[in-house]
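Colleague: So the chains spell out like this:
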Amino acid sequence: AQTVTQSQPEMSVQEAETVTLSCTYDTSESDYYLFWYKQPPSRQMILVIRQEAYKQQNATENRFSVNFQKAAKSFSLKISDSQLGDAAMYFCASKMQDAGNMLTFGGGTRLMVKP
Amino acid sequence: EAQVTQNPRYLITVTGKKLTVTCSQNMNHEYMSWYRQDPGLGLRQIYYSMNVEVTDKGDVPEGYKVSRKEKRNFPLILESPSPNQTSLYFCASSSRYQETQYFGPGTRLLVL
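Each protein sequence line maps, in turn, to chains Z and P. Those letters in the first sequence? Residues 1 to 115, per our numbering, in order. Those letters in the second sequence? Residues 1 to 112, per our numbering, in order.
Simulated from the structure, these hints should not be mistaken for laboratory data. Cβ coordinates follow ideal geometry from the N, Cα and C atoms, glycine included. Incorrect hints may have been included.
To be verified - Pairwise CB distance ranges (calculated):
(1) Z/P41 <-> P/K65: 30 to 36 Å
(2) P/V14 <-> Z/T18: 44 to 50 Å
(3) Z/P40 <-> P/T100: 15 to 21 Å
Unchecked claim - Just some of the chain Z residues that point at chain P, by a computed CB distance under 8 Å:
(4) R43
(5) Q44
(6) M45
(7) I49
(8) F68
(9) N101
The shape of chain Z in the complex, shown without the other chains:
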């Protein structure tokens, strides 16, 4: 079974600055996928970024990038130039290659953005 741990229940960042959210996971599989989801106050789950474990290059999506350390089983999310609209709950999640649609989520990190 996979486990995903987010050790920071809450984080805050000043608008326009950079913040990094931590995520570690535990799996015995070699093929898997990692995700970061954003949940704003509307409660909608929005995919922010995904990473395939077989890819060495870190994924990036505009102001969002990840630091994927496979050996350390670490998958942190970096948000650059933080905006007020980035304030939300962020969930890290993992999925094994042959696990159909079973995602394993971390407990979440609440990000606050200060103007």
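For chain Z, the structure is supplied; the task is to place chain P on it using the hints.
Modeller: Structure of chain P alone, referenced to chain Z:
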């Protein structure tokens, strides 16, 4: 517009009164799932389905039932709800050819 819909969005009920939360997707996805979200625990999978008439238990299936009679629909049934099933519920779907799951808007359930 490609989407996953859930109904109702909000529901208050009493212990023991059977209820069904519907979920429908218009993307022809093979895979569908139900999750519940509780503070500090993230989302936990209740049941999932990999195709019509194929369902299986997730991490927290006790007290829930599902069915998949049609590809687009995946209702969640609580035969006898209890207060510990008060939660935020999400339905999600994905294609067997892609890894990304698409989530519905969520259903907030309160069991008194």
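Colleague: With reference to the structure, classify each hint as holding or not holding.
Modeller: Comparing the hints with the structure gives:
no.: 1; hint: Z/P41 <-> P/K65: 30 to 36 Å; result: holds, 31 Å
no.: 2; hint: P/V14 <-> Z/T18: 44 to 50 Å; result: holds, 49 Å
no.: 3; hint: Z/P40 <-> P/T100: 15 to 21 Å; result: holds, 18 Å
no.: 4; hint: R43; result: holds, 5 Å
no.: 5; hint: Q44; result: holds, 6 Å
no.: 6; hint: M45; result: holds, 4 Å
no.: 7; hint: I49; result: violated, 11 Å
no.: 8; hint: F68; result: violated, 15 Å
no.: 9; hint: N101; result: holds, 4 Å
Violated hints, listed in ascending order, are 7 and 8; each of the other numbered hints is respected by the structure.
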